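If you read the protein sequences in the order shown, they are chains A and B.
Just so you know, we're using numbering that gives the first Met the number 0 here: the first sequence kicks off at 0 and counts up by one.
Just so you know, we're using numbering that gives the first Met the number 0 here: the second sequence kicks off at 0 and counts up by one.
It should be emphasised that the hints constitute simulated quantities derived from the structure, not laboratory data.
Take the hints with a grain of salt, since some may be wrong.
Pulled a few chain A residues facing chain B out of the computed Cβ check, cut under 10 Å [said to hold, decoys possible]:
no.: 1; residue: K17
no.: 2; residue: Y30
no.: 3; residue: V44
no.: 4; residue: K102
no.: 5; residue: W241
no.: 6; residue: G334
no.: 7; residue: P347
no.: 8; residue: N369
no.: 9; residue: G411
None of these values were measured; they are calculated from a predicted model.
C-beta: ideal position from N, C-alpha, C; glycine also.
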Amino acid sequence: MINSLFLINPSGEIFLEKHWKSVVSRSVCDYFLEAKEKALEPEDVPPVIHTPHHYLISIYRDKLFFLSVIQTEVPPLFVIEFLHRVAEMIQDYFGECSETVVKDHMVMVYELLEEMLDNGFPLATESNVLKEMIRPPTILRSVVNTLTGTSNVGDTLLTGQLSTIPWRRAGVRYTNNEAYFDVVEEIDAILDQSGTTVFAEIQGVVEACVKLSGMPDLTLSFMNPRLLDDVSFHPCVRYKLWESERVLSFIPPDGNFTLMTYHVNAQNLVAIPVYVKQSISFFECGSDGRLDVTVGPKQTMGKTVEGVMVTVHLPKTILSINLTATQGSYTYDNGTKLLVWDIGKLNPQKLPNLRGSLSLQAGAPKPEENPSLNIDLKIQQLAISGLKVNRLDMFGEKYKPFKGVKYITKAGKFQVRT
Amino acid sequence: MTDSKYFTTTKKGEIFELKAELNSDKKEKKKEAVKKVIASMTVGKDVSALFPDVVNCMQTDNLELKKLVYLYLMNYAKSQPDMAIMAVNTFVKDCEDPNPLIRALAVRTMGCIRVDKITEYLCEPLRKCLKDEDPYVRKTAAVCVAKLHDINAQLVEDQGFLDTLKDLISDSNPMVVANAVAALSEIAESHPNSNLLDLNPQSINKLLTALNECTEWGQIFILDCLANYTPRDDRESQSICERVTPRLSHANSAVVLSAVKVLMKFMEMLPKDLDYYGTLLKKLAPPLVTLLSAEPELQYVALRNINLIVQKRPEILKHEMKVFFVKYNDPIYVKLEKLDIMIRLASQANIAQVLAELKEYATEVDVDFVRKAVRAIGRCAIKVEQSAERCVSTLLDLIQTKVNYVVQEAIVVIKDIFRKYPNKYESVIATLCENLDSLDEPEARAAMIWIVGEYAERIDNADELLESFLEGFHDESTQVQLQLLTAIVKLFLKKPTETQELVQQVLSLATQDSDNPDLRDRGYIYWRLLSTDPVAAKEVVLAEKPLISEETDLIEPTLLEELICHIGTLASVYHKPPSAFVEGSRGVMHKRLPARTGSGEGTECPDVGNAAGGSAPEAAPSIIPSQGDLLGDLLNLDLPAVLLPLMGAGFGAAPAVMPASLNAPVGGGLGDLFDLGGGVGMPMGAYIPPKTVWLPAMKAKGLEISGTFARRAGVIQMELVLTNKAMSVMTDFAIQFNRNSFGLAPAGPLQVLTPLGPNQTIEVSLPLSTVGPVMKMDPLNNLQVAVKNNIDVFYFSCQYPISMLFVEDGKMERQVFLATWKDIPNDNESQFQIQDCHLNSEAASNKLQGSNIFTIAKRTVEGQDMLYMSIKLSNGIWVLAELKVQAGNPNYTISLKCRAPEVSQCVFQCYEAVLKN
């Protein structure tokens, strides 16, 4: 199972190590650092590295590398999933996941890691359970602790760890009982030059924020559940009922959690909310080129498209650019050759346009590669797949909860080729 | 308030300060001090000096302080074993605590203290905890058994903990079941042949019940365990599949992939006409697609596994081509994997789409990716015949872009297309020739030269083109030189009148001015061939070439089957079978049907064979290979059979006047060739043990086999002498190995081309590879062989000198050596004596070097030479050695250090054999 964990910052410095079995010398990270040197971008470091005596499995998250060392045959996905949990745990406890935060809470992170694995076997990875054992830091608590000498570590046996619903702690009490669900859909798409969809799919997720007292048993039903042919659930969802009746029946964890993720397949028609007319061209001779991009609304179901942003990685040989935007503003970083055009809201009457000239470095040949455009956008109160929640029922408790559902559509990996 | 305050230091020295604080009377101050210590520990500072002071803080009722001290203990107990004993009493007491949390914590921590003395005290508390009334304690104790097993396996077996652990599989609490399974699986990995996880329908039912109720991690353990079970019939198989299918919708991708593994394996048993079979196939696609929308690291592992799945069952994902389309901001490792799968899924139905994508990729920024995309276009052409034309025109478009690396890559793949569809697309040759000058990579140059040679009769200026390459002949890489030589000979055979001068030129360049043996050999062979029999030369050089296969990189079916059983594991990521030498796992269970070789009769050791077959001719016990072997060597050059008589004729002629013209005497050239071959195995060559009889005639219906093993120029060879002592002719020889410790396998068929008449003997040399299936043998270097002929199949076993596995690049850097030596635990060191060896250290070192045992450093201490040496085995294991040689003392002492200590004995035997011969 998992032997050791190293946290490494982008400059290759190891700032935390934790061993669950015998101590593995940190020199083992050299193999990883070597691979990191070779990679062009930190994202490109291969996640599984074989060294003479160990396997190194790593993830890159929030500009940090989480590197685990294993010695025996262990499912790599198991390790990668766990590493993501570690990152999420840090995020969850301290509000962000960064080197500074970890260094500031070194001992607590260490204690948490100890609780998450035993001998490399996962022990407690549910946020609820962890928080019962080791309380997250708050300003108030640290003041109280200093005054009274009490500790951050809980000393009761955790009911959650043993019950068949390990995700929920017992004895939850709220004065206001509320349950909110956010249906968030991201469109992943590739459009070609002419605007034809090469590939499109929708990644959906239902995020829940449930603050209900006691042991509520919820049932969430959709108007059109047949849309969802490929789903994965939080362990709390009763799969049998979904199979037979297409409803989500579950005893929720307390607080924020991801209830379900789903996937609307490329085969179904995916509505593309915007179109992009673009041309980036370079003259055969001379050292100039032109860029002309226009964005307009397409299938928006009558809603406004906002937060529109276009990102282009221009070719390396570009010397300078001179563009004018009819709406919004653009920034250009000559070091990374990254052009970002922040448009904002789309107005169907007056389409935003960005155009102007690009000049190449003197003597540089016409660029070989075609830059792709990355589009960001947001549509409030719409799930682009058409998914709608029908109703939420609660059993098991007497009070009347406050319920709410919100929809939002965003661009995921939305690319336009030129 | 943050923990960074724990890092402030003062002038007096950190350790000193902390010591004082740890011994403070105030509880708060103590706790703060322990926190500082832990903080230092987490960043890798050595605070072990504070051990007694920290342990003193252990007796406390403050749970947080207790946990902190435990953290410290686990880290440093190993380095302070005597001190760690001080902690034992507290542990034993805590194991009796009324609070189950404390009991569990104590048993959990105790298991993490890797000190032998402590483990003795651990047994009683552990036994109690395994039967504790509280499931939380039981599940913690289950893991503790695995920890203890890692420290002292014998103790765990003696104390009967394994049986208790097996009982826990039937525990009422699903978490306890999951942990027991996890612990047993880990223990089983170091005991490949034990029946720890003896699964039967009852236990399977228990596991399936627990599967629904335990945590996500527990589900992974249980699913992986289920995958080892073989259902009795298809009904049981179906019922397990039905109960596992819901796991495909789990949010944890590792659970999903483990479930996929179980289903892929059990599906094999279902009849294909069953409705359920079709349903199951349909259910497998969506979860696999979903994995591709996860984080890139997860995608990578998923893609590597999907690569296996589409090879085994292409129907599952055949409609999902689009999800494998590459996004420009995918990490490079994801891009490359996606591309691979796109080609595997390419078919006539979707080829247009795929080609459009690939063309798009060929204009991306990343050079490696672009190259692979261009190559992929070529692979599509070869795979989907109907698309070949479109692929070729796409490639031509790309060549027009004049982007250098794209052009080169395109030419390499067009060569393959020409081989698959000969005489179909020559019209493009003109375009290719235009780009001749821009080619600077050997592979592209070689490909272009091949094309020119192959189609010489249709290219008017073929001679000019080839001549242009000839100018810088000696600066070219071997690949290009060989190709150029062949191409010009082809040209000569096609247009003999105009190109005589050119062919003379290239032959003399290849034979006289080159010091590359391959090139010289090929040059001589052509030369001989052309001078003796031009018609035969034509038949040989311009022979019909076999068509290249559709998909070149398919995984071999038996390996694929094994890998399917390992979906989700590291093996599936590397597409290699879990080798028995994965460090730390002392043996891996092979998840396949057992091979049918190795029946009892053949497994006797060679000595017995020798005694029995006493009348067998003694093979020459010599370091220098006998002449027969050299002929064998030559035959290995892949020569067509036509050449054989020629070889025989020239053999033994005096070595040799350099031939000056095409009319040089036949024998001279071959004599020279012979000399060359001899050079390889000369004085400094690797040690080759004398031949011994492996299979006596009386045991094999008249077939006698003797032989030995050798390593020549990096190639491992099994040198066999087959003698027919029966009355009838023997034909149809073939050879096969059982799985063995180092994955040895024949690299080609057994080359016995003519029937073996009665009383005839033939010497054959069989090149071996080390990529075969692996199974640990006892002794380690044991090899079980099956030889077949027209009469029967015979089995025998023999032992090979491990020295033939020592690879040429086994010389370690000094620093690395030093670090590695220190890094390997002392338990792994073994010491041996070599007696009666009369070499000085210099001579010994030279001799060893011939067998790829490299001396890295030498040190002389009080008249005693210490030689430090490194060896690398073909499977990547390093062995470090220290050889002590004292002048005048014929007894050497040798210490071997290796992470896989089981090889030490074999390595020592090699030292002895090499030094004494």
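Here is how each hint holds up against the structure:
1. K17: 7 Å, holds
2. Y30: 12 Å, violated
3. V44: At 8 Å from the nearest chain B Cβ, A:V44 passes the 10 Å test, so the hint holds.
4. K102: Nearest chain B Cβ about 6 Å off; hint holds.
5. W241: Because about 8 Å separates A:W241 from the closest Cβ in chain B, which is inside the 10 Å limit, the hint holds.
6. G334: Hint violated; A:G334 Cβ to chain B Cβ min 16 Å, cut 10 Å.
7. P347: Hint violated; A:P347 Cβ to chain B Cβ min 28 Å, cut 10 Å.
8. N369: 5 Å, holds
9. G411: Constraint on A:G411 satisfied, holds at 8 Å.
Figure legend: structure checked against the earlier numbered hints; hints not met, in rising order: 2, 6, 7.
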